[in-house]
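Based on the provided sequences and hints, a complete structural model is requested.
Chains A and B, in that order, give the protein sequences. Each residue of the first sequence is one higher than the one before, counting from 281 in the numbering used here. Each residue of the second sequence is one higher than the one before, counting from 74 in the numbering used here.
You can take every hint at face value.
Here are a few chain B residues that sit away from chain A, every Cβ distance over 12 Å (derived from the structure):
1) Met83
2) Ala86
3) Glu87
4) Pro94
5) Ser98
6) Ser101
7) Thr129
8) Glu131
9) Thr145
10) Leu153
11) Arg154
12) Lys182
Label pairs and their computed distance ranges (CB to CB):
13) Asn339/A to Ala90/B: 35 to 45 Å
14) Gly364/A to Ile136/B: 33 to 43 Å
15) Ala185/B to Thr394/A: 30 to 40 Å
16) Lys142/B to Gln297/A: 40 to 50 Å
17) Gly364/A to Arg180/B: 16 to 26 Å
18) Ala318/A to Met83/B: 20 to 30 Å
19) Lys142/B to Arg378/A: 23 to 33 Å
20) Asp140/B to Leu291/A: 44 to 54 Å
21) Asn339/A to Thr152/B: 32 to 42 Å
22) Pro149/B to Lys293/A: 42 to 52 Å
23) Gln118/B to Gly338/A: 18 to 28 Å
24) Leu153/B to Arg390/A: 19 to 29 Å
25) Asn351/A to Gln118/B: 23 to 33 Å
Now the stretches of chain B that chain A is said to cover, found in silico as 3 or more residues with beta-carbon under 8 Å:
26) 112–118
27) 171–180
Hints in this document: simulated from the structure, not taken from any laboratory. For glycine and all other residues, C-beta sits at the position ideal for the given N, C-alpha and C.
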Amino acid sequence: DAGVTQSPTHLIKTRGQQVTLRCSPKSGHDTVSWYQQALGQGPQFIFQYYEEEERQRGNFPDRFSGHQFPNYSSELNVNALLLGDSALYLCASSLVERVTYEQYFGPGTRLTVT
Amino acid sequence: DAKTTQPPSMDCAEGRAANLPCNHSTISGNEYVYWYRQIHSQGPQYIIHGLKNNETNEMASLIITEDRKSSTLILPHATLRDTAVYYCIVRAVDTRTYKYIFGTGTRLKVLA
Numbered sequence: 281d282a283g284v285t286q287s288p289t290h291l292i293k294t295r296g297q298q299v300t301l302r303c304s305p306k307s308g309h310d311t312v313s314w315y316q317q318a319l320g321q322g323p324q325f326i327f328q329y330y331e332e333e334e335r336q337r338g339n340f341p342d343r344f345s346g347h348q349f350p351n352y353s354s355e356l357n358v359n360a361l362l363l364g365d366s367a368l369y370l371c372a373s374s375l376v377e378r379v380t381y382e383q384y385f386g387p388g389t390r391l392t393v394t
Numbered sequence: 074d075a076k077t078t079q080p081p082s083m084d085c086a087e088g089r090a091a092n093l094p095c096n097h098s099t100i101s102g103n104e105y106v107y108w109y110r111q112i113h114s115q116g117p118q119y120i121i122h123g124l125k126n127n128e129t130n131e132m133a134s135l136i137i138t139e140d141r142k143s144s145t146l147i148l149p150h151a152t153l154r155d156t157a158v159y160y161c162i163v164r165a166v167d168t169r170t171y172k173y174i175f176g177t178g179t180r181l182k183v184l185a
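Right under this line is the structure:
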């Protein structure tokens, strides 16, 4: 059973640049959520995608955008990177039909902005 | 803000039961309790969830008090590999609230 996968594992970018992170959901799942986790903190919800549309968004600026593809995979894009965007970015997938909606997380992408 | 309160850290001897408490005194009737753990620098791992009945799976047991204002995650025979940060989360399942709100969790250290 394929779990959630994310790429790349690590990434170093310079302030002002743009970055794209990728996520493939767990086999059979149709919903993808993205979280940002700063060092020493719990994950913070960025947004969730279902049926190729963003259906809920956390308190993040428009510099953070996403996309979901017909095969349910997803991308997270961050423009105009700031030093404060350095974090572990986590993707989580779930199945909308499951009422309890538990989410399964990938290993994350560690982004460092210099 | 997170709707749960957890102790920041706990120690447990290897082979003993680890009992991790969580307070969610403002929980609503349509909110489930979820537990996740995060081993250093990895993604959070789903452990268990429940509404009002006690639940058990191959990883752990979840005990929810009758008034649902608190719960306890039990790892019956803790091993060194159970050392992690454990998060207790409450979330409504019949509203358009899809996100998890994480707190700071409990850092469990299993001692040899």
